Amino acid sequence: MAEQTKTKKKRSSTIVHSRYGCAVGASYTVAAIKGGVPIAHCSPGCVEKQYHLLTFNNGFQGSGIAAGGDMPSVNFGENEVVFGGVKKLDAEIQSALKIVKGDLFVVLSGCSAGLIGDDVSSVVKKYKELGYNIVYAEVPGFKGNNLYGHEVVVKAIIDQFVGDYKGKKRKRLINLWSEVPYFNTNWRGDLTELKRILEGAGFEVNVFFGPHSRGVEEWKSIPKASFNLLVSPWVGLDTVKHLEKKYNQPYLHIPVLPVGEEATSEFLRKVVAFSGLDSSKAEAFIEKEAKEYYYYLEHFADFFSEYWFGLPSRFATIGDSAYNIAFTKFLADQIGLIPVRQIISDNPPAKYRKELSELYHNLSEGVSAEVEYIEDGYIIEQELEKVDFGNSKPLILGSSWELDVAKKRKALLVEIGAPIGDEVVINRSYIGYRGALTLLEKIYTKTVGG
Amino acid sequence: MAKKTINLDMTECNNREMRIGTIISWDGKASELVEASNYEQRSKHEKHHHGCPGGKGKACQLCELSTPFSQQTMCANAIVACQAGNLTDCILIEHSPIGCSANHIHFNIAFRIGLQRRGKSPENLKIFSTNLNENDMVFGASDRLRRTIDDAYERYHPKAIFISMSCSTAIIGEDIDSVADEKEAELGIPVVPLHCEGFRSKHWSTGFDVSQHGVARQIVKRNPEKIQKDLINIVALWGTDYFTEILKPLGLRVNYLLDMASYDELQQASEAVATSTFCHTLGSYLSTALEEHFGVPQIDAPMPYGISATDEWLRAIAKVVGKEDIIEDYIRSEHERIQPELDQLKEKLKGLHGFVLTGSAYAHALICALKDLGIEVDGSVVFHHDPVYDSGHDRQNSLKYLVDNYGDIEHFTVSKTQPFQLPGILKRVKTDFVIIRHYGLSPVAAKLGIPALAMGDEHFPMGYNGIIRLGNLILDIVARKKFNKVLSRHTELGYTDWWLSQEDPFVLAHKPELINEPIYETNGGRYDG
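Protein chains in written order, with the numbering used here: chain Z, 18 to 467; chain C, 146 to 674.
Since the hints were made in silico from the structure, they are not lab data. Be careful, since some hints might not be right.
BS3-like, lysine-lysine: derived pairs with alpha carbons at most 25 angstroms apart [what the hints assert, rightly or not]:
{"no.": "1", "chain 1": "C", "residue 1": "Lys149", "chain 2": "C", "residue 2": "Lys464"}
{"no.": "2", "chain 1": "Z", "residue 1": "Lys427", "chain 2": "C", "residue 2": "Lys265"}
{"no.": "3", "chain 1": "Z", "residue 1": "Lys258", "chain 2": "Z", "residue 2": "Lys186"}
{"no.": "4", "chain 1": "C", "residue 1": "Lys265", "chain 2": "Z", "residue 2": "Lys424"}
{"no.": "5", "chain 1": "Z", "residue 1": "Lys104", "chain 2": "Z", "residue 2": "Lys142"}
{"no.": "6", "chain 1": "Z", "residue 1": "Lys105", "chain 2": "C", "residue 2": "Lys656"}
{"no.": "7", "chain 1": "Z", "residue 1": "Lys298", "chain 2": "Z", "residue 2": "Lys188"}
{"no.": "8", "chain 1": "Z", "residue 1": "Lys241", "chain 2": "Z", "residue 2": "Lys145"}
{"no.": "9", "chain 1": "Z", "residue 1": "Lys104", "chain 2": "C", "residue 2": "Lys656"}
{"no.": "10", "chain 1": "Z", "residue 1": "Lys143", "chain 2": "C", "residue 2": "Lys265"}
{"no.": "11", "chain 1": "C", "residue 1": "Lys149", "chain 2": "C", "residue 2": "Lys366"}
{"no.": "12", "chain 1": "Z", "residue 1": "Lys425", "chain 2": "C", "residue 2": "Lys265"}
Bear in mind the structure is a predicted one, so any value in this text is a computation, not a measurement.
This is chain Z alone, in the form it adopts within the complex (with noise of 0.2 angstroms):
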């Protein structure tokens, strides 16, 4: 049979239509702290294309004061390859810290410095003698996507800048770790909603990027947090774990973003609970948000039960771990959608699948879904097509990507998560009290009308 002389054949590793990037793409990260400079010790190329997956074409979110085209980068050349990339490497460093405004510079060095071997860290401990905040950190594309990527930078800045403490922590002070910045298209307006109901509640908040944050001094009051909070299915376990035993400060992982007023409601509880905090602020803060909340919900249903003209009902989700679980969960535990395919795209590690499926088996009160793990293109549109969306307009909530079979199934396409190249995303939301609201009217602003 043709599938057994296939599998005598090297396993296929085989991607199209990619919906991540690489390590490198961690670039962006630093770019989204106040203040951070990425360098890019890297082949020219090789962020330029980052920013592509990352930003550009997901939402058009732009880059800020020190990426897009201003990010640093050695662009290494031949001479570099065969002669080695440090002596370049050393005077970027060296301009970049002259020329590019910033509170802490990042090195990422790409495939190219990983393959032939550059000793980044001594050309960067240099500069970290002469009193300059710099780091470094390993991302060889090699080594894995841009969500590994991220942790591995998060952790380079922990360990090198933020540095050792010993002092008092503040009880209500927390360290959120959340979505990945760019790559989550919604992360600041997700941030933002995620810090303003924590904020209710009556914590302060340290969201480490975006416009909220108070950049690398926030950073460095990461050891005085009461505790970790981690908010997504499982990137950023790596970065509390160490955390916890660097220091011995305690996480809460909450693995589905809240979407929604009940969830909303039970995560802030749940984040109060685990605090030891006296909850009456959060209750009176969760009482006029379920208000405004229910307010709206109640008109909105008057077009959700008088619609004439009809409305989805089954839905796939194609997506990242963290946008995958939340909106999935959210259609079918408090809109009443059913899920009918499950895919999630971002390559969790193995150990992490059996928990995250779990998830789907629990979605609701007698809703389950299987979910499944795909990060070929092609074997995502594939299923796409063959998926029983039963008689009403079937509903994808997927990326840029899914425009074809979208088109050919004759779906309603609402991207959820990157890349996105046909949506332009400023502050948006999905999330939460406020953005819950904000995923309804796109939905149903994309199902009505003639």
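Got chain Z; can you put chain C on it based on the hints?
For chain C alone, coordinates are given in the frame of chain Z:
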């Protein structure tokens, strides 16, 4: 032509800097660069004996500025993705870790729009990645490549498969030539290795040459049985099909190469009556390969932007296709047709200054079009400079054409997309807008209060209608200054005060010792003074 400049026997094509002396860093007057380039002497065949800019002989002394600092740029591997990866019925396989494929979504937008511009229905592009990991780096990845070639063949039955080399696979010594040979024999379709690893050439445009080399070497029909006397090749990217309307009166149909072309369209390139291009930087390699190896002449003329260049381009085509009898009437009637609107536009655009930042030859051509609109151009940034093109044809000397016909450009800069230089560069000139291709520079201009015309449709300003289109669009762009002024009032550039106070954008090349002097400000958490 006695000696061939392009060697199709090898799978690799020589880097642009080795072949034609390309540079990426220079600053001066355009006229000085014309002189230093010494196009005519370089175009003589001696250049091919010692073709590097640092080699022997007078033609090889084009000096380049060297700065210690660099910012991210594109690479040749990306260019191959946007050329060999944008064919309708062929597949490109990127033999690399997945990061090299992170730009596909970007080219997908261009591809979908490009298909529509050529009257084809939009669909996603289908570039494959072998998606290599650390084990593959240690133990070799050729089996992975074979498997991905099989996947591509089984899934899409493409008419040809291209394989692109990346930095990592080049460093570990992957033999893509052998795998290509083996698979070509097995599958019975061309399998084309492309040596385009990012570190290979100092400029990404080598990627155009590499793609075109592969197409000329393994796809274009050798010894075609027929000549299509009404077919002209236009080497292009994704631009709108404006070439058809301007060439129709000469009885010509357009065969666009390479983007959005099918295998058959690539094959028939050798059946065409001539080859031209929207940009000599992009088109010269393939045009010359077709001329030298397939007997298809290339149009020896400036690119068709601006009135006189368009005239000359049309005349040169008419000569090749035997339409000299009608061409003067055609040109005259076109001049008369656009003159009233051109006059009105010039009145509205009076006093405006523009600044062009694009690839090399394209910038020369665009400035011609701007000058015809009466717009002043005090400066320009080109992302590289070719002192000569592969063809060596005299009338393709586009920078000389600009300077001879429209006067000098005072501040002419060669710089490979380096935004940190832009504040200094723009300080030296007066400009109301910038025209730009390639990412990363216009956001800096934007914060300085200058709106950008992102020339995504590279054919937009071509021909007589193009000048009118361009003039009208500039009026729209200049209106956006409102936005840019808001931005400049409330945002800052990410460079130190010391750097922003420098007058000379190449100061570190001219005074390298400056890098060791203190800047008297705090940066990176330390006071440097």
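Each hint tested on the structure:
1. Between Lys149(C) and Lys464(C) the CA atoms are separated by roughly 24 angstroms; this keeps the pair inside 25 angstroms, and the hint holds.
2. Restraint check: the Cα-Cα separation between Lys427(Z) and Lys265(C) comes to about 20 angstroms, which is no more than 25 angstroms; the hinted pair holds.
3. Between Lys258(Z) and Lys186(Z) the alpha-carbon distance is near 18 angstroms, which keeps this suggested pair within the 25 angstroms criterion.
4. Restraint check: the Cα-Cα separation between Lys265(C) and Lys424(Z) comes to about 16 angstroms, which is no more than 25 angstroms; the hinted pair holds.
5. Distance hint between Lys104(Z) and Lys142(Z) is fulfilled; the C-alpha atoms sit about 14 angstroms from each other, no more than 25 angstroms.
6. Among the hinted pairs, Lys105(Z) with Lys656(C) is consistent with the structure: their alpha-carbon atoms are about 18 angstroms apart, no more than 25 angstroms.
7. At most 25 angstroms may separate the alpha-carbon atoms for a hinted pair to count; Lys298(Z) and Lys188(Z) meet this at roughly 15 angstroms.
8. Proposed proximity of Lys241(Z) and Lys145(Z) is supported: the alpha carbons are some 24 angstroms apart, at most 25 angstroms.
9. For the given pair, Lys104(Z) sits about 19 angstroms from Lys656(C) by alpha-carbon distance, which is consistent with the 25 angstroms threshold.
10. Simply put, Lys143(Z) and Lys265(C) have alpha-carbon atoms about 57 angstroms apart, too far for the 25 angstroms limit, and the pair is violated.
11. With a C-alpha separation of about 19 angstroms, the suggested pairing of Lys149(C) with Lys366(C) holds against the 25 angstroms cut-off.
12. Distance hint between Lys425(Z) and Lys265(C) is fulfilled; the C-alpha atoms sit about 17 angstroms from each other, no more than 25 angstroms.
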